[in-house]
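Colleague: Construct all of the structure, not just a fragment, from the sequences and the given hints.
Heads up: the protein sequence lines correspond to chains B and Z, in order. Just so we're aligned, residue 3 is where the first sequence starts under my numbering, counting upward by one. Just so we're aligned, residue 3 is where the second sequence starts under my numbering, counting upward by one.
There may be inaccurate statements among the hints.
Output of the computed footprint for chain Z on chain B, the stretches with three or more beta carbons under 8 Å from beta carbons of chain Z [stated by the list, open to error]:
id, segment
1, 91-105
2, 119-129
3, 315-326
So, partial list: chain B residues that the calculated Cβ filter (under 10 Å) puts toward chain Z [to be verified]:
id, residue
4, Gly28
5, Asp30
6, Arg43
7, Leu190
8, Ser220
9, Leu222
10, Arg331
In case anyone wonders, no lab produced these hints; they're calculated from the structure. Cβ atoms here follow ideal geometry from the backbone N, Cα and C, with glycine treated the same way.
Number of protein chains: 2
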Amino acid sequence: MSDHHTRPALLDADHASLLHQAVDLGLDFASGRLRENLVLRHATPAELIKRLAGPLPQRGVETDQELVDLLTEVASWSVAQADPRYLAFPDTGNSAAGLAAEILAAFLNQNLIAFDRSAPAASVIEAQLIVWLREVIGFDAPPLTDYQGLRSLGGMWTSGGNMSNHTALTVALAHAFPQVRQSGLRSLPERPLILLASGVEHFSYLSAAQSLGLGEESLLWAPPRSDFTSDPDALAALLENPPDGSRIVMLVGVAGNCRTTGIDDLEALADLCERHGIWFHVDACHGGSLLFSPRLRQPLAGIERADSVALDPHKGLFVTYPSSYVLFRDPATLGRLARYPERADDPDCLDLGLITPFYGSRGFESLKLWALLQHQGAEGIARLVESRHATYLRMTAMLERVGCFQALGTSDFYRHAFVFLPPPAAQFLTELRDHEVATPLLRAVVSRFTGEFSERLYRNGLAAFDHFALMDLADRIGLGPNNKYEVMGMCVGHPNIDAATEAAIESELRHLAAELAAPMLDALRSLAPGHGPTAGPPDEPAAPDGQLGPAGW
Amino acid sequence: MSDHHTRPALLDADHASLLHQAVDLGLDFASGRLRENLVLRHATPAELIKRLAGPLPQRGVETDQELVDLLTEVASWSVAQADPRYLAFPDTGNSAAGLAAEILAAFLNQNLIAFDRSAPAASVIEAQLIVWLREVIGFDAPPLTDYQGLRSLGGMWTSGGNMSNHTALTVALAHAFPQVRQSGLRSLPERPLILLASGVEHFSYLSAAQSLGLGEESLLWAPPRSDFTSDPDALAALLENPPDGSRIVMLVGVAGNCRTTGIDDLEALADLCERHGIWFHVDACHGGSLLFSPRLRQPLAGIERADSVALDPHKGLFVTYPSSYVLFRDPATLGRLARYPERADDPDCLDLGLITPFYGSRGFESLKLWALLQHQGAEGIARLVESRHATYLRMTAMLERVGCFQALGTSDFYRHAFVFLPPPAAQFLTELRDHEVATPLLRAVVSRFTGEFSERLYRNGLAAFDHFALMDLADRIGLGPNNKYEVMGMCVGHPNIDAATEAAIESELRHLAAELAAPMLDALRSLAPGHGPTAGPPDEPAAPDGQLGPAGW
Numbered sequence: 003m004s005d006h007h008t009r010p011a012l013l014d015a016d017h018a019s020l021l022h023q024a025v026d027l028g029l030d031f032a033s034g035r036l037r038e039n040l041v042l043r044h045a046t047p048a049e050l051i052k053r054l055a056g057p058l059p060q061r062g063v064e065t066d067q068e069l070v071d072l073l074t075e076v077a078s079w080s081v082a083q084a085d086p087r088y089l090a091f092p093d094t095g096n097s098a099a100g101l102a103a104e105i106l107a108a109f110l111n112q113n114l115i116a117f118d119r120s121a122p123a124a125s126v127i128e129a130q131l132i133v134w135l136r137e138v139i140g141f142d143a144p145p146l147t148d149y150q151g152l153r154s155l156g157g158m159w160t161s162g163g164n165m166s167n168h169t170a171l172t173v174a175l176a177h178a179f180p181q182v183r184q185s186g187l188r189s190l191p192e193r194p195l196i197l198l199a200s201g202v203e204h205f206s207y208l209s210a211a212q213s214l215g216l217g218e219e220s221l222l223w224a225p226p227r228s229d230f231t232s233d234p235d236a237l238a239a240l241l242e243n244p245p246d247g248s249r250i251v252m253l254v255g256v257a258g259n260c261r262t263t264g265i266d267d268l269e270a271l272a273d274l275c276e277r278h279g280i281w282f283h284v285d286a287c288h289g290g291s292l293l294f295s296p297r298l299r300q301p302l303a304g305i306e307r308a309d310s311v312a313l314d315p316h317k318g319l320f321v322t323y324p325s326s327y328v329l330f331r332d333p334a335t336l337g338r339l340a341r342y343p344e345r346a347d348d349p350d351c352l353d354l355g356l357i358t359p360f361y362g363s364r365g366f367e368s369l370k371l372w373a374l375l376q377h378q379g380a381e382g383i384a385r386l387v388e389s390r391h392a393t394y395l396r397m398t399a400m401l402e403r404v405g406c407f408q409a410l411g412t413s414d415f416y417r418h419a420f421v422f423l424p425p426p427a428a429q430f431l432t433e434l435r436d437h438e439v440a441t442p443l444l445r446a447v448v449s450r451f452t453g454e455f456s457e458r459l460y461r462n463g464l465a466a467f468d469h470f471a472l473m474d475l476a477d478r479i480g481l482g483p484n485n486k487y488e489v490m491g492m493c494v495g496h497p498n499i500d501a502a503t504e505a506a507i508e509s510e511l512r513h514l515a516a517e518l519a520a521p522m523l524d525a526l527r528s529l530a531p532g533h534g535p536t537a538g539p540p541d542e543p544a545a546p547d548g549q550l551g552p553a554g555w
Numbered sequence: 003m004s005d006h007h008t009r010p011a012l013l014d015a016d017h018a019s020l021l022h023q024a025v026d027l028g029l030d031f032a033s034g035r036l037r038e039n040l041v042l043r044h045a046t047p048a049e050l051i052k053r054l055a056g057p058l059p060q061r062g063v064e065t066d067q068e069l070v071d072l073l074t075e076v077a078s079w080s081v082a083q084a085d086p087r088y089l090a091f092p093d094t095g096n097s098a099a100g101l102a103a104e105i106l107a108a109f110l111n112q113n114l115i116a117f118d119r120s121a122p123a124a125s126v127i128e129a130q131l132i133v134w135l136r137e138v139i140g141f142d143a144p145p146l147t148d149y150q151g152l153r154s155l156g157g158m159w160t161s162g163g164n165m166s167n168h169t170a171l172t173v174a175l176a177h178a179f180p181q182v183r184q185s186g187l188r189s190l191p192e193r194p195l196i197l198l199a200s201g202v203e204h205f206s207y208l209s210a211a212q213s214l215g216l217g218e219e220s221l222l223w224a225p226p227r228s229d230f231t232s233d234p235d236a237l238a239a240l241l242e243n244p245p246d247g248s249r250i251v252m253l254v255g256v257a258g259n260c261r262t263t264g265i266d267d268l269e270a271l272a273d274l275c276e277r278h279g280i281w282f283h284v285d286a287c288h289g290g291s292l293l294f295s296p297r298l299r300q301p302l303a304g305i306e307r308a309d310s311v312a313l314d315p316h317k318g319l320f321v322t323y324p325s326s327y328v329l330f331r332d333p334a335t336l337g338r339l340a341r342y343p344e345r346a347d348d349p350d351c352l353d354l355g356l357i358t359p360f361y362g363s364r365g366f367e368s369l370k371l372w373a374l375l376q377h378q379g380a381e382g383i384a385r386l387v388e389s390r391h392a393t394y395l396r397m398t399a400m401l402e403r404v405g406c407f408q409a410l411g412t413s414d415f416y417r418h419a420f421v422f423l424p425p426p427a428a429q430f431l432t433e434l435r436d437h438e439v440a441t442p443l444l445r446a447v448v449s450r451f452t453g454e455f456s457e458r459l460y461r462n463g464l465a466a467f468d469h470f471a472l473m474d475l476a477d478r479i480g481l482g483p484n485n486k487y488e489v490m491g492m493c494v495g496h497p498n499i500d501a502a503t504e505a506a507i508e509s510e511l512r513h514l515a516a517e518l519a520a521p522m523l524d525a526l527r528s529l530a531p532g533h534g535p536t537a538g539p540p541d542e543p544a545a546p547d548g549q550l551g552p553a554g555w
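Modeller: So, in structure tokens, the structure goes:
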């Protein structure tokens with residue numbers, strides 16, 4: 003026998019120290035100490051695989067400290083979305099109340115499938131949160147003390163915006179074709195279609211069409227407006243003339259697209275849907291946080307007329323993954339999916355698992371947002387969201403001040419997309435275009451240097467911007483509106499970026515701009531008419547299909 | 003303006019005390035202090051709604067202690083799945099390493115959608131865990147240091163067994179009909195069917211058929227064997243004669259059914275699938291933990307021949323929700339779903355979000371199982387699983403010793419289903435049956451008193467058994483095999499139930515048995531021929547369709 007001493011595996015009082023160490027480790031990560039005060043210490047997949055991979059451990063560690071050391075190593079190679087210098091995505095997850103609740107929820111490990119034996123208090127907390135979120139949207143929200151049964155609840159937790167959108171589509175489809183759950187899509191008299199604007203969509207609709215049996219061909223695309231919002235006129239034209247043999251079952255409105263945060267005219271879309279009797283889904287995964295602010299929620303007017311709304315508190319509401327919710331104006335539409343219809347009207351039944359497609363056993367994810375609401379109140383959240391918006395405006399002004407970036411579109415809140423285009427390059431680009439140098443060559447240079455800027459910035463670890471592909475719908479670069487570029491995104495997640503941090507970011511941007519301005523101009527010069535090909539013109543990179551950072555996923 | 007002082011919302015060093023208090027609260031819940039040393043303090047939905055519900059808070063609390071008090075209240079009305087007296091479900095979630103990792107993961111809040119900007123180390127840890135789980139199953143598992151790109155990975159995290167099964171079906175369907183993702187189910191030449199045994203199935207296949215567009219009618223049911231396993235002969239008959247116009251795309255094997263833990267003959271099912279060229283999915287959500295024990299894994303032989311395997315570490319592997327994985331023998335089958343196929347073969351791309359249907363932004367759920375494996379090693383987990391099995395056998399012997407329970411089937415591990423049927427009642431039941439008293443009346447009495455036993459036990463809070471509906475496939479009660487009863491389930495999750503705890507549970511069972519034995523006999527007597535109807539024969543309750551506890555969901 004081995005003389006190896008395995009540490010006690012299951013929680014007892016002796017583990018208090020280990021668990022408190024986990025909190026301290028978390029705080030050290032949050033403070034930056036574990037990551038050399040960088041947003042992240044950069045490494046490639048191959049480098050981190052080499053560092054972290056190994057065979058399946060047959061024996062455990064000999065001391066708990068060894069486990070802490072392993073966790074420390076993992077943390078030290080993680081990226082800090084809550085760092086004020088992290089400007090790639092809004093998922094800060096850094097509310098103190100949310101974290102406290104998540105820690106407790108781990109110990110509670112309630113199973114939200116059922117009330118008895120699984121999640122007594124937790125079922126009530128989650129139902130309460132659903133009622134509150136309905137109220138925030140503007141849906142009918144009778145107090146939970148008047149609870150009438152699952153069919154009246156009208157909302158559910160999901161694992162992410164992706165699944166909130168999948169679920170909304172599932173419910174919309176069963177609403178349009180009640181027989182679908184029994185007989186399947188093959189039994190329907192018409193082909194169901196989903197109507198949405200191209201260029202501003204989230205990938206989850208494609209994914210849902212692929213996975214829910216509809217097929218990619220069931221997506222009916224309308225052209226977007228140049229401000230990265232859905233175009234009600236273009237949508238109306240398709241609603242009036244749907245393809246033969248098809249029936250549009252859902253129109254998607256976007257309350258904050260994932261790349262530039264443009265907010266659709268939801269009133270206009272609601273009018274359209276009412277006129278045509280079409281399910282109106284509003285994807286407010288990004289814009290939902292604005293609903294807490296009486297001032298900032300104005301652009302979302304009409305959301306209360308949606309049939310379904312996807313909210314993603316783990317985006318922009320300071321709680322950790324997974325926290326997403328899908329709410330239904332008419333609770334009976336979700337109620338149609340009740341597993342045992344006769345129990346769905348029983349006020350003594352609060353078994354949430356009876357009415358949640360896709361989910362069985364699952365944890366107490368609702369506690370964190372409930373705790374944040376208790377800790378801060380809706381007013382406190384409004385202040386955070388408004389403070390973030392002010393910070394966003396200040397940071398956008400900073401980008402403008404640096405003077406080397408061309409924005410690709412208006413942005414309604416927290417996210418801004420742009421390319422690297424310093425004034426001499428911009429001017430020379432115009433000249434080359436006017437001399438009829440092929441625009442694909444010019445676009446390639448813009449993409450290449452924006453990508454290079456982004457990568458250098460990211461690898462330095464002093465600030466993290468996003469990096470993805472975007473159409474220049476408004477033709478801000480001047481090389482035509484239907485072209486994709488590699489772009490950088492600045493997404494302000496943290497409500498408070500202090501002046502020193504802002505200055506440090508600005509300084510880093512100026513430093514990189516100075517490094518890259520001359521090579522970029524050289525690259526453009528090499529394209530000038532009469533300029534002998536030295537090493538040949540650069541290959542035009544394909545417009546990047548891959549999303550290089552989290553936006554647009 | 004209000005003079006209300008809102009607490010700082012976002013994490014800073016001043017919150018250390020709050021977060022450590024959350025750990026202490028968790029430890030107090032674990033120890034039983036917060037729940038009066040009961041498994042739970044019982045309350046109904048209406049009672050807890052009254053206690054916990056309220057309007058959307060407009061203003062936050064004035065001190066962090068108020069938040070702690072609220073969380074304490076929630077915890078005090080929660081049920082302790084990790085308490086050794088909790089015998090309803092195996093989801094203890096109480097590994098110390100898993101909890102430490104989950105606490106840290108909350109602070110890290112990595113986004114497993116992508117490597118850069120989102121989850122550098124976390125993507126490696128999750129990929130590593132997938133490789134390890136493949137090795138545990140017996141699939142090819144080249145070391146992660148030989149990583150060849152996403153298409154070679156062959157597994158993914160999901161939010162639960164339900165979604166692992168949904169995902170396996172999605173992949174199996176795309177394997178059988180590659181065009182389905184483009185053109186949808188309506189374009190297929192044949193109707194896809196899923197073949198599975200009735201009575202032993204998990205509800206997720208019905209749910210998947212309903213939500214993924216196939217429809218309930220796409221489930222092809224074979225009768226089960228009386229030991230609550232799939233019957234290879236019955237399945238073979240259907241494989242040989244599938245309904246006209248259809249094609250069976252998946253056969254479901256069950257490695258531990260959710261009600262009695264019967265394990266299918268996986269070798270026989272694998273043979274069948276190979277012979278017919280059918281996708282073989284093994285649902286090992288319950289049985290998967292046995293794979294760590296060289297001894298206990300023998301009944302799962304053949305699992306390595308499955309095309310897909312669903313594992314649910316949050317069941318029976320001591321980690322908290324959500325922790326589920328679906329693994330694919332041939333990684334290319336999952337690879338078919340890659341969003342950008344050209345990136346799926348790039349060893350420098352570890353963006354897990356490119357190959358995970360249903361999931362976009364999501365958290366670092368893989369850290370906890372990785373940490374448990376580091377802390378205990380596969381050998382340590384084997385010891386836990388084996389210790390739990392020994393405890394289960396001991397507890398089953400205890401139930402036998404009490405002498406008032408009739409088991410409804412053999413059980414291969416950790417879960418045992420039975421009705422309350424004390425010897426005098428059992429004997430009188432036989433007499434009544436032999437006197438041709440209608441068996442529905444007799445069954446109703448058995449169900450009613452089993453339900454009553456279960457409810458009294460549960461409400462007392464000294465032990466929590468499961469309560470659900472089950473067919474008496476083996477006709478152990480003697481009233482025919484095709485009848486459903488309300489049953490109790492004993493599911494041993496905690497590996498260590500000490501003698502004193504066992505004795506306390508036994509004493510409580512004996513106490514309730516003594517209370518209910520006479521009334522049950524009276525109820526049966528009232529059915530005897532010649533016995534005048536006093537208050538009329540009891541109504542026969544419908545066989546409970548609803549699952550009253552977590553089993554069978």
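Colleague: Now, for every hint given, state plainly whether the structure supports it.
Modeller: Hint check:
no., hint, verdict
1, 91-105, "holds (count 13)"
2, 119-129, "holds (count 10)"
3, 315-326, "holds (count 6)"
4, Gly28, "holds (3 Å)"
5, Asp30, "holds (9 Å)"
6, Arg43, "holds (9 Å)"
7, Leu190, "holds (8 Å)"
8, Ser220, "holds (6 Å)"
9, Leu222, "violated (13 Å)"
10, Arg331, "violated (18 Å)"
Violated hints, listed in ascending order, are 9 and 10; each of the other numbered hints is respected by the structure.
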